[in-house]
Amino acid sequence: MSQQPRRQRTASEPVLSVENLRTEFHTDKEVIRAIDDVSFDVHPGETVGIVGESGSGKSVTARSIMGLVDDPGRILDGSSIRFRGEELVGKTEDEYRDVRGDGIAMVFQDPLSSLNPVYTVGNQIKEALKLHQGLTGKAATDRAAELLKAVSIPDARRRLTEYPHQFSGGMRQRAVIAMALACDPDLLICDEPTTALDVTIQAQILELLNDIQDAEDLAIVFITHDMGVIAQVADRVNVMYAGEFVEKAPVEELFANPRHPYTQSLLESIPGRGDADERLQSIEGDVPTPHGAATYCRFAPRCPKAFDECDAIHPAHVDVGEEDVEHTAACLLYPDDLPQEEALAIHQEHQTEAERTGDGDAQLVDENTPPEEEQ
Amino acid sequence: MTEVVESDESAREEDVLVEVNGLKKYYDAGSLTGTPVKAVDGVDFDIRRGETLGLVGESGCGKTTLGRTLVHLEAATEGEVLFDGRDVTSLSGNELKRWRRNAQIVFQDPESSLNDRMTVGEIVREPLDVHDWPTLTVRVAGDPDATVTGDAEAVGPTATGRDVDVTVTVSGDDADVAVRDSLPIGPEDLAVDVDSGSTTTVDVELLPSKAQVRRAHVRELLERVGMQREHYFRYPHQFSGGQRQRIGIARALALEPEFVVLDEPVSALDVSVQAKILNLLEDLQDEFGLTYLFIAHDLAVVRHICDRVAVMYLGNVMELGAADSLFDEPANPYTHSLLSAIPEPDPTIESDPITLRGTPPSPRDPPTGCPFSTRCPAKIRPEAFDDLDDETWAAIDDLHRIVRERGRAERSLRERAREVLGMETRFSDVEDIVVEVFGRLDRTPDTTAERSFEAMMDALPRDVRGPLVDVTDHLRENREEDALERLLDAFGSECDATSPAYYDVDEGGRVSMCHRHDPAYDDVGPVLEERYGDYAGR
Amino acid sequence: MTGTEHAVHRSLRTRIRENQRPAAVWVAVLLALVALEAGALVDLTVVLVQGMVKAWPFGNPGMAGIESAKAAAEAIPTLLSRETIPNQGWRTSANGPWTNTFLGLEPMVAWLLRFALTYAYVGVLIGWFLYGYRLYREHYRQADWTPTDDVVRRFRSHSWGKFGFVVVVVFVVMAVFAPTLSPALAEENIENPYSYEMQYFDEETGSVETVFVGQANSQSTSQGAGDDNIGLWQYDDFGRFHPFGTMPNGKDLFTFMMYGARVSLFIGLLSMGIMGAFATVFAMTTAYYKGLVDLAVVIVGDSVMSIPQLLLLILAMAVFNGHWLEGIYNGGLLIALVFGLSGWPGLWRAVRGPAFQVSTEEWVDAARSFGQRPSATMRKHMLPYVVGYLLVYASMTLGGVIIGTAALSFLGIGIDAPTPEWGRAVSLGQPFIATQSWHIAMIPGLLVVAVVTAFNALGDGIRDAIDPQSEGGESETTAAAAGGGGG
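Protein chains in written order, with numbering that gives the first Met the number 0: chain V, 0 to 374; chain A, 0 to 537; chain U, 0 to 486.
The set of hints was computed from the structure by calculation and includes no laboratory data. Ideal Cβ placement from N, Cα and C applies to all residues, glycine included. There could be a bad hint or two in this list.
Claimed, not checked - Only pairs whose alpha carbons sit at most 27 Å apart, straight line, appear in this in silico DSS-like list of lysine-lysine:
{"hint": "1", "chain 1": "V", "residue 1": "Lys148", "chain 2": "V", "residue 2": "Lys129"}
{"hint": "2", "chain 1": "U", "residue 1": "Lys53", "chain 2": "U", "residue 2": "Lys69"}
{"hint": "3", "chain 1": "U", "residue 1": "Lys161", "chain 2": "A", "residue 2": "Lys23"}
{"hint": "4", "chain 1": "U", "residue 1": "Lys53", "chain 2": "V", "residue 2": "Lys28"}
{"hint": "5", "chain 1": "A", "residue 1": "Lys96", "chain 2": "A", "residue 2": "Lys23"}
{"hint": "6", "chain 1": "A", "residue 1": "Lys209", "chain 2": "A", "residue 2": "Lys96"}
{"hint": "7", "chain 1": "V", "residue 1": "Lys137", "chain 2": "V", "residue 2": "Lys148"}
{"hint": "8", "chain 1": "V", "residue 1": "Lys129", "chain 2": "V", "residue 2": "Lys90"}
{"hint": "9", "chain 1": "U", "residue 1": "Lys289", "chain 2": "A", "residue 2": "Lys209"}
{"hint": "10", "chain 1": "U", "residue 1": "Lys161", "chain 2": "U", "residue 2": "Lys289"}
{"hint": "11", "chain 1": "A", "residue 1": "Lys96", "chain 2": "U", "residue 2": "Lys379"}
{"hint": "12", "chain 1": "U", "residue 1": "Lys53", "chain 2": "A", "residue 2": "Lys96"}
To be verified - Which chain V residues stay away from chain A? Per the calculated CB distances, all over 12 Å, these:
{"hint": "13", "residue": "Ser16"}
{"hint": "14", "residue": "Glu29"}
{"hint": "15", "residue": "Gly89"}
{"hint": "16", "residue": "Lys148"}
{"hint": "17", "residue": "Ala155"}
{"hint": "18", "residue": "Gly168"}
{"hint": "19", "residue": "Asp185"}
{"hint": "20", "residue": "Asp225"}
{"hint": "21", "residue": "Val250"}
{"hint": "22", "residue": "Gln280"}
{"hint": "23", "residue": "Glu283"}
{"hint": "24", "residue": "Ala305"}
{"hint": "25", "residue": "Ala311"}
{"hint": "26", "residue": "Glu340"}
{"hint": "27", "residue": "Glu348"}
Claimed, not checked - Per label pair, the in silico range of CB-to-CB distance:
{"hint": "28", "chain 1": "A", "residue 1": "Glu187", "chain 2": "U", "residue 2": "Gln19", "range": "42 to 48 Å"}
{"hint": "29", "chain 1": "A", "residue 1": "Asp115", "chain 2": "V", "residue 2": "Glu92", "range": "49 to 55 Å"}
{"hint": "30", "chain 1": "V", "residue 1": "Asp210", "chain 2": "A", "residue 2": "Thr34", "range": "47 to 53 Å"}
{"hint": "31", "chain 1": "V", "residue 1": "Asp210", "chain 2": "A", "residue 2": "Asp27", "range": "36 to 42 Å"}
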C-alpha cells in the first residue's frame, strides 16, 4: 500500500494473509461499511493483536475471516483472505466448514453462549473431534479428557460429563479453548476472550494461551479493547478505528512511540498512565458509523490535530518507524520528514489510485459531510 | 466473625457520613433447601463525608450486593448501617421514602437502567414527581416559633444548608426573601405574605406550577451532566452508552442526595468515554459536595478516582485503606494477587504475575477459616512441611480444591445407586486424579508420561505419601468429608482453622485481614517474594 | 426561570393553536362522518341500555322512557340505515317494477348497495383516523420519534398481519352493523317471524299478497332435495333475496351469520376482558413481588387450569338452567364468564415470562431506589413492555374462544335457539352437507376458520411488530456491523 520500499518480512510464510478486506452490510435503512480496506499478516508462532473500541469493526473482521458474515452482510470483491496460501473468499459454506476447526479455530467472547447448554461439555468436544478427526467412542473420550487437562481443568474426566452451567466462567472459557484446539488448528482467532472474565481469571487464561502457543507454535489473532491485555499478549498490534486500521506496529514500538493521534489519545485516556491527580484525557464525540468507502479521514472530526485537508483526502498507510521497525500509520501528518505538500501528495496519489482501480463492488459514496457530532 | 483489633481514635473524629457495622446479607437464609448464599458476610467500614470510597473485588465477592444494601434495595439480614448516626436498616414506609432522598444509586448497564418508553426528561423527572419536589422548607430568621403556611413548610431548628430552601427575614410587615442557590427559582417566583400577630405567620405561595419548577430543574441537571436542554424530549434509544450513563447520573442527582453509590458506572463503556464520565463524576462531586461509594473491578480506574479503597473477597473486606498506599504497597495477599494480575499497558514490563489457581469458592460454601485460604499464595504452611517445594504444595492445594468440589458436586439418583452398589461412576477414577495432580509437577499442557499410581506415590516424600494414601482411600469410598478432614489435618494450618482479625498495617489507618500480620508469622511481602521471586505487582 | 421555559416546552393545546388549519379540517370532516351515522350510534346505546334493563332480574324500571328514547333515536335519519336504503320490497306485477326498495332497484342490488356502502364508510372512517394520526405526528407531536413509530412501521410491512387486521375489521363490522348489513332483521326473520307480516307478489294469484314472515319461511326451507332448496345468491318465491341461501327452517342464513357474529364477538370480548384483567394484574404483581405471591398465584392458576373447560361449561349450563344469568343472550353471558374465569391462567402464564424479564431490568430497580410506589412502577415501567405480548396472546385466545363457542353450539350445549350462533348453523346444516344444501354447514364453517385464522394472523403481526428481534435480524446486523461483541 505504501509507495516507499517495504521492510523485509520474516522468513516464514504467513499462515494468514488478509488483503484489502472490505465488508458491507445492506439493511433497509442504510448501508454500513463495517470494514474498509484492511490488510495484515499473521505468521506461525506469533500473536497479532487488533485493538479498538466498540463500533470499530474488529469483531466483523474476525467473522469475515471465519466466513461467518451472513446476509445482509457480504465481503466485497477485491478482498482477499489467504490461509496457508489458499484463498478463502468465495468459498462455499461446505468448503469453509473444512477449514474451520481444522485450520482456523475461533474463541468468542461469551463462553456461555458458545457452549450449548443442553449438551455436556464432553459431548461437544467429541462432536468437534468426530467432525474433523473422525474419532469416536473411547478414543474420543480419551482425547477429550486430554484436551481438558491440557487447558488445566482439574478432574477432567468428571468434568466431561458435566454441563456448561456447572462450570465457572473461567472454566467455561477454558473448555471453549479446548474445543478450539481439539483439531490442531494452525490459527486461533480470539475475539475478546477475557473481556467477560475477572482479572485473576483473565491472567490464568492469558497464561494458558501463552503456554499453548509456545508448545504448538500456534498463530493467534487476538482482538480486544483493553490496551493492557494487548501489551501483554501481542507481538504486533493493529489499531482499528471505524472499520480501518489506523496504525500498525510491533507492540513495544506502539506503546513507546504512538504516531496516529487516535492511538495517542487512546493511550492517554487510560487511567494510570499519567499522574493520578490529573484529569483524564478524553476524546470528544463518538465513533462514526461508516456508510461507504472513505474519501476523507474518519477520525478528523474528533482529532485534536486535524487540519483542513483531513476532510478531503483519505490518508494511506505510510512508514513512520525507525530503520528496521515495521511501523505504519494512516495519517496526513506523516511522513513528517517531508514538507507538508509532498506528504499530502503521496496520500492524494494513493487515493486516486484506489479510485481508478475501482473500489470493488461498491460505489464511492460521496460523503462530503462528515458525520455530525454528538456531544 | 471478624473483629477490629485496634481502633484508630483519630479516624473516629473524622466526619463520618455512613457507618457500617457487622453487615450481613444472606440469600435463601430461611430456605428449606440447602445452605444460604452468603453474599455479604460481616462487613465493617466507614465512609467519610465528601470522600470517594472504592469497593473492588471480582465477580461474586458481594460488592454489588453491599452497594445495593446500603441504598436499601436489599434488606440486610444482620448488622446496621448508620447514616449520619441514624440506623437506616430498620426504616420502612414513609420514613424510608424520605430517607431515600439522601442516598441514590447509579447503575452499571446504561442499556438497562433507563426505561426506553419514557423520554429523557420524564426519566430524570420521575424522582421529583414521586417526592412532590420541591417541598419548600422555610426558615423564618430569628423566629423559631413562626408558623409557615401555603406551599411551604417550616424547617426544623437544626436544619442547615441543603435542608433550608427559603430564608425569610421579617421586619415588621415586610419580608426579605432569600432562596437557596441550587433551586431553579428565585425570590421573584414566591409570593410571601407576613402576618405578625401574636405569632408570626408567614404564607409562602409558589407562583409557577410545581411541574414548571421540576422541568427547569431537570433541564439544569441535563446541562450539568453534559447533555443539551433539547434532549429533554428525546428517547434513550437515540443516545450512545456514555450519554445514557450521563442521564442515569442526572437522575441520581435529581433529589440532591448527599450519598451516591456508583455501581460500576463505567464498566460498560469504552475507554475514551470512560474518561469523560470519570471527569464528570469528579466535577460533580466538587460542585455538589457528594460522597461516593465507587464499586468497580477495574483497579486502575479505582486508583484514579478514589481516596480510600476496600478490597472484597467472598463477602468479606480483606483490606481497607488509602488508595495510593494500598496500590503501592499492598498488605493483604489477595490484594497482592489482584494487583499483579492486572495487565499493565506497558509491554516492556515482563509480566510474571502471581497467577491464582482455581476459582473462587461458591458463596454457599465458603471455606472454614479465612475465606481466601483455598487459593492464597501466601498461605501458612505447617512447620513439618516447611521444606517441601512449591510445586508439591501447589499440587496439594489443587487436590484440596478438587476434594471440596467433589463434595459439592451434584450426584444424580442413578449415580448414588451405583455408588451404593459399588459400581463404577464418574467419581470412581480417584487414582487417576491423584496421578494427574501429582504426576504433572511441571505445567506443560500435554504429558505423555503414564505413571502408575504406585510408582508416583513412591516418588513422593514419605510424610506426604502417608496422608495421601489415606485421602485416596476415603475418596474411593466417596467419603469426601473425611478426605477433606485428613487433608487439613496433615497439611492445614491456622488459615484453615480460624478467620483472621483485622490488623493495622500502616500509619494511615489501613487495615488488613490476614493471619500473617500477626508477629508470630512471617509477613506477606517477604513470603511472596520467597515463593514467587520478583513478580509483577509490587 | 420562566423566561427560558417557552422556548422548549409547549403544551398540546398551544401547539394546536399555533397551527390550526390541519386540525380544524380533520375535526370537521370527522364530525361530518359521524353525523352520517349519528342515528345508529344513539340507537345502539339505547339498545344496550334496553338489553341491560330487560335482563335485570329485579323489575324493569323506566321501560317506557327507554321505549320512547328508542323511537326518537330511530327517527334520526342515518345514511346507512334500512330506512334510507330499503331492500325489502316487492313486485307490483309479473315482471313489473319493484316498490319499497331503494330507487326501485331490485332487492339484490339495493342490499348490495347498502352492504358496500357500509364497508366503504367504515373504510373511510378508519382511513381518516389513520390520516389523523399522521397529521398529529407531522404537525403536533413534540418528539421526533417514539418507540411506537417503529412498531407501526414494522406492522405496516407485515402482509400476514395486515390480512389478519382486515378480516378482523370485516368481522367486527359484521357484528356492529348487523342490522344494516343483513337483508332482513333478525327480530323479523329469525326470532319472531310470526309476529311480522310482509308483502309479495304472488304469481299464482297475480296480485300483491300479505303473509306472515314465518309462513314465508316455512315455504323457503333448504333441506337438500332439488326443489326444496334456496342456495347461494338466490331469490325465494316471496321476492326475498338470500345472499347465503336459507336454512332448513327457512330463515335467512346471511342474517343469521351477521347476528351470530354479534354473539361471538360479545362472548369473545367479554371473556377476553375478564381473562386479560386477571392475567395483567397477576402478571404484574407476581413479577414485582415474586416469592410467595408468585407461588400462591401459580397454585391457584394451576388448579383452575386442571379443570377441563368443556366439562365446566356443561356443568355451568346445566346448573344455571333457567337462572337469569343464563337468560342473557341465551347463555352467551354465562359462556363468556366461564371462559373468562377458567381461561385466565393460560393467558397469565403466557405473559408471566415477559413480565418477569422486565422486572429484572435495572430501571425497575432504579424506580424502587428513589421510592416509587409499586403500583406506579408496575404501570409505568413494566406494563408497557408486557402489553404487546398480552395483545398477541389475547388475539390468539380470542380466536380460540370463538371456536370454542361455535363448538359448544354445534354440540347443542352452547347458545340456545333462537339466538343466532355460527356453530349452531353448522349443526343444523350437518345432515345436508352432501346435498344441494351444503351451504348451510359450509358457509358458517368457512367463516369460523377465516375469522380465527385472521385473529391469529393479527396476533402474529402484532408480535412481530413489537419485538424487534423477530425481524429477521435487522437490529442484529446493525449490531454486528457496529462491531458485534463489544457493542
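Each hint, compared with the structure:
At most 27 Å may separate the alpha-carbon atoms for a hinted pair to count; Lys148/V and Lys129/V meet this at roughly 19 Å. Distance restraint check for Lys53/U and Lys69/U: the Cα-Cα separation of roughly 14 Å lies within the 27 Å cut-off, and the hinted pair is therefore satisfied. A C-alpha spacing of about 56 Å is found between Lys161/U and Lys23/A, which places the hinted pair above 27 Å, so the restraint is violated. With a CA separation close to 58 Å, the supplied pair Lys53/U and Lys28/V exceeds the 27 Å bound.
Restraint check for Lys96/A and Lys23/A: satisfied, since their Cα atoms lie roughly 23 Å apart, inside the 27 Å limit. With a C-alpha separation of about 20 Å, the suggested pairing of Lys209/A with Lys96/A holds against the 27 Å cut-off. A C-alpha spacing of about 16 Å is found between Lys137/V and Lys148/V, which places the hinted pair at or below 27 Å, so the restraint holds. For the suggested pair Lys129/V and Lys90/V, the alpha carbons sit about 23 Å apart, so the restraint of at most 27 Å is met.
Proposed proximity of Lys289/U and Lys209/A is contradicted: the alpha carbons are some 36 Å apart, above 27 Å. Proposed proximity of Lys161/U and Lys289/U is contradicted: the alpha carbons are some 38 Å apart, above 27 Å. A distance of roughly 19 Å separates the Cα atoms of Lys96/A and Lys379/U; the hinted pair therefore holds under the 27 Å criterion. Proposed proximity of Lys53/U and Lys96/A is contradicted: the alpha carbons are some 52 Å apart, above 27 Å.
Interface exclusion of Ser16/V from chain A stands, the closest Cβ pair being 25 Å apart, more than 12 Å. Annotated as non-interface, Glu29/V keeps its C-beta farther than 12 Å from every C-beta of chain A; the closest such distance is 15 Å. Listed as a non-interface residue, Gly89/V keeps its Cβ farther than 12 Å from every Cβ of chain A; the least gap is roughly 34 Å. Residue placement check: Lys148/V does not keep its beta carbon more than 12 Å from all beta carbons of chain A (closest about 6 Å).
Ala155/V, annotated as away from the interface, has a beta carbon of chain A within 12 Å; the closest lies near 7 Å. Residue-level check failed: Gly168/V sits 7 Å from the nearest beta carbon of chain A, not beyond 12 Å. With a least beta-carbon separation of about 17 Å from chain A, Asp185/V lies farther than 12 Å from that chain, consistent with its non-interface assignment. Under the 12 Å C-beta cut-off, the non-interface status given to Asp225/V relative to chain A is violated; the minimum distance is some 7 Å.
For Val250/V, the condition that its CB be more than 12 Å from all CB atoms of chain A is violated, with the nearest at approximately 4 Å. Non-interface status of Gln280/V relative to chain A is broken: a Cβ of that chain comes within 12 Å, the nearest being about 6 Å off. At roughly 8 Å, the least C-beta separation between Glu283/V and chain A is not larger than 12 Å, which violates its mark as non-interface. The claim that Ala305/V lies off the interface holds: its Cβ sits roughly 16 Å from the closest Cβ of chain A, which is beyond the 12 Å cut-off.
Every CB of chain A lies more than 12 Å from the CB of Ala311/V, the least distance being 25 Å, so the non-interface label holds. Distance to chain A confirms Glu340/V as a non-interface residue, since its nearest Cβ pair spans about 32 Å, more than 12 Å. Non-interface status of Glu348/V relative to chain A is upheld: no Cβ of that chain comes within 12 Å, the nearest being about 32 Å off. For the pair Glu187/A and Gln19/U, the beta carbons lie near 34 Å from each other, so the given range of 42 to 48 Å is not met.
Between Asp115/A and Glu92/V the C-beta distance comes to about 37 Å, which lies outside the given range of 49 to 55 Å. About 37 Å separates the C-beta atoms of Asp210/V and Thr34/A, a value inconsistent with the hinted range of 47 to 53 Å. Range check, Asp210/V to Asp27/A: Cβ separation about 40 Å, and the 36 to 42 Å hint holds.
In summary, the structure is inconsistent with hints 3, 4, 9, 10, 12, 16, 17, 18, 20, 21, 22, 23, 28, 29, 30 from the numbered list given earlier, while agreeing with the others.
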